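Residues in the sequence shown are numbered from 1 upward in steps of one, following this note's numbering.
Keep in mind that a hint or two might mislead.
Claimed, not checked - Computed list of lysine to aspartate or glutamate pairs in EDC-like fashion (alpha-carbon distance at most 20 Å, straight line):
hint, residue 1, residue 2
1, K308, D189
2, K413, E444
3, K600, E119
4, K600, D383
5, K600, D381
6, K608, D653
7, K143, D89
8, K345, D579
9, K443, E90
10, K723, D475
11, K137, D189
12, K191, E90
13, K678, D420
14, K600, D455
15, K443, D455
16, K130, D89
17, K345, E90
18, K600, D116
19, K417, D455
20, K417, E90
21, K256, D189
22, K130, D101
23, K130, D116
24, K100, D116
25, K130, E119
26, K308, D379
27, K345, D383
28, K600, D420
29, K678, D381
30, K540, E444
31, K723, D486
32, K143, E119
33, K413, D675
If you are wondering where the hints come from, they were derived from the structure by calculation, not from laboratory data.
Please read all numbers here as calculations on a predicted model, not as lab measurements.
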Amino acid sequence: MAFLNRLSSFARACWPWIRIPFWVCMGLLFGFVLPYTVILNKRVQDRFNDLVFAVPTRVYARPLPLAANTPMTPAALELELTFAGYTRDERGDVAGSWTKDGSAYVIDSRGYAGPDGGELPRRVRVVFGKGQILSVKDLASGKPVDTVHLDPARIATLYGASQEERRIVRLADVPPLLLSGLQAVEDRDFKHHFGIDLSAILRASFANLRAGHTVQGGSTLTQQLVRNLFLDRDQNFTRKFNEALMSILIEAHYDKSRILEAYVNQVFLGQQGGQAVHGFAAASEFYFGRRMEDLRPQEVALLVGMVKGPSYYDPRRYPDHALSRRNLVLQQFVDTGLLTAEQGKAAQATPLGLASAGQLPHNRFPAFMQLVRAQITSDFDDDTLSAGNLSIFTTLDPAAQLYAEQAITTTAKALGKRGDAAQAAGVVTDAQTGNVLAIVGSKEPGDQGFNRAIDARRPIGSLMKPFVYLVALTDPSRWNLSTLIDDSPVAMRQPDGTMWTPQNDEHDVHGLVPMVDGLIHSWNLATIHLGMDVGVPRIKAFLESFGLQDVNPSPSLLLGAQDLSPLQVAQLYQYIATDGHALPLLAVRGVVDGDGRTIKRYEVKGGKGEYQDAVRLTTWAMQQVVRSGTAAAIGNSSLGVLNAAGKTGTSNDQRDSWFAGFTGDHLAVFWMGRDDNKPSGLYGATGSLRVWQELFRKLPTRPLPAAVGENLELAWINPQEGKRTDPSCQGARQFAVVAGTLAANTEGCFWQHVENLFGGGQDQPASASTAPARD
């Protein structure tokens, strides 16, 4: 009681001195601090309660199938693995890694969920030989497997206004070493403080004072989270006051696990161009190409160490800084008992082990992505795509895309000045399904500008001719490949009164020639006579059935006076490659939401093919183009084993160089020319055909069958009469014909044998001329 009386007396004595400061403080407390705290508290709660991070839409290539007896080369596999963010190590026993032993590869896949269900992670051994996969074995079971799909590479990310790369994870999915290590290095008293750690601040202040500069921070994980969520990096009293107050408010409202989960997903860990990397899961993919759950201790240590300074410790820009910081963190893991001394020493001895490139492709393949957007905009608007947490699975084949880009670059360089002045574009599809595997819109890979593969429409020249022949062959009672057609001069009066007098490329004429020779040598006059007999309106209607508009109604259409894009040309040739099935070209397989549910699937149900006999005859004729015609450069090279079918094309004055060709697996269309539409100096055979060759020297693919298609037969025919003959007869040639359409009786050659017997030369079956035209 006496003590209270003395205290009261002391207060009355001091009151005159403290009265004004007291009321000032009370005024500040009730007039500013409390209202400010209430406002700040509401802001903190609103932000934290709605803490659903905007996850951008990710776009993926197709999963890589690995199956025995499929074409594949080690180079193509390594290209795919690298692009998908797989790293090479000694054992290949960590998800997202691989190793090589002679002709065998051990791959530890990461698994994935896709529109077709996806696959679980597995460890496989893939053995190569003779340009194909010989076997695929599951190492867990020791049994061979039919097919394994590797998780697809991410090729693009569709962002809104803020380009922040994230992969949201729950605390239960975070590796224990990462959580414990983070607290050991950044905030050892995290479980006990109330948002700010006064003892840590004092320790840091003493350490910094002793060093003469900042060597240690005193901020808690909660304070770091506040900075990431609400504040800038300015070092002033107002920001520090807000940081401390917000940290206390967050700790008052939310438990430690909620705070830690937000931190793990929010912390800033790097930058690639305009893209910020937030959260340990996204950083794991960015730096190591693997999921956070599969990180090794040394990789966890590097990411934890980078929290202190993502720019200074950037392992790609400053590997020495990063290695030193990582090893320091590993030692802290050992000091706190998270790792044994042996584990720490082994981890410190490893290299950084980064993926070869950042795994945050914003838009690596803009030409292909233009087609992706075009095909999904009817189902998803831009806002949904920018922040919809969706996964778009496309048909892109990374090897085909990269090899196509390289083929264009290599060819343009080899062409010298002509290549320097020319631009180029190309489309590669799956010859059986119509899936678009690659699109190149410019000679410069990754060019974000004009997409020539989709938007540039140029005269296609002789690429039109196979369709003239195809339409004719739909009437087997009138035309077959041995039918004689006229290759003589043409003069037609045009609607404006002028005369149209086209010529063959060599300015020669050949009289009556077998129909197939007109296509093999790309003779203009023969094609015009055939097309006029068939009827230009029929050919025009056939082209319009593919959705083409403004088709040229005049006879010049027969020689390719029709502007089309490489993508449109690929759509036409896809009809031939897929045996008469008019399949749309698709770039998207499906869309999956954030919970792994397929919300949209894009697929085509194949129906019955049309005019298959005519298509197969056209395919066989195009194979002869490659063997002995205008595309003989392919047939005479090592690529002759592909038995490819193809056609060259050149527009007037060599303004446009085209080539379209397909194998058993792939169809590729290439264009070269100048943007200013001046003559490029390139024929189809000297420009785009070379690009096609460069592509298929690297791209694994199946040959096109050399045998004629079903319902066809090879018949020995006298080309002067169009009738069956004995193969020993002079001039006899083999033609593919529809089975049963030619009379079974064979025309003999008795007088040829007599002539040869009494002084003539030996009987030698003649073949088509092998001198290729330039078209």
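Handout entry: Hinted pair K417 and E90, Cα distance within 20 Å
Key = At roughly 46 Å apart (the allowed maximum being 20 Å), E90 and K417 break the hint.
Handout entry: Straight-line alpha-carbon gap K130 to D101, limit 20 Å
Key = Within the cut-off at roughly 17 Å; holds.
Exercise for the section: For the pair supplied as a hint, K608 and D653, confirm whether the alpha-carbon distance does not exceed 20 Å. Expected result: violated (41 Å)
Problem - Restraint status (C-alpha distance of K100 to D116 at most 20 Å) - result: violated (30 Å)
Problem - 20 Å limit on alpha-carbon distance, applied to hinted pair K345 and D579 - result: Status violated; Cα separation ~62 Å.
Exercise for the section: Decide if the proposed pair is consistent with the structure: K130 and E119, CA atoms, cutoff 20 Å inclusive. Expected result: Not satisfied, since the Cα-Cα distance of roughly 28 Å exceeds 20 Å.
Problem - Straight-line alpha-carbon gap K600 to E119, limit 20 Å - result: Given pair K600, E119 holds - Cα atoms ~19 Å apart, limit 20 Å.
Exercise for the section: Would you check the hint for K130 and D89, treating anything up to 20 Å between C-alpha atoms as holding? Expected result: The hint is violated at about 26 Å.
Practice task
Quickly compare the C-alpha distance for K130 and D116 to 20 Å and report which way the hint goes.
Solution key: Not OK: K130 and D116 at ~31 Å, beyond 20 Å, violated.
Handout entry: Satisfaction of hint between D379 and K308, Cα-Cα up to 20 Å
Key = It is violated: about 43 Å lies between the C-alpha atoms, which goes past 20 Å.
Practice task
Given the hint that K540 pairs with E444, test it: the Cα-Cα distance must not exceed 20 Å.
Solution key: Since the Cα atoms of K540 and E444 sit roughly 35 Å apart, the hinted pair is violated (cutoff 20 Å).
Problem - Restraint status (C-alpha distance of K678 to D381 at most 20 Å) - result: violated (40 Å)
Taken one by one, the earlier hints fail for this structure at numbers 6, 7, 8, 9, 11, 12, 14, 16, 19, 20, 23, 24, 25, 26, 27, 28, 29, 30, listed in ascending order.
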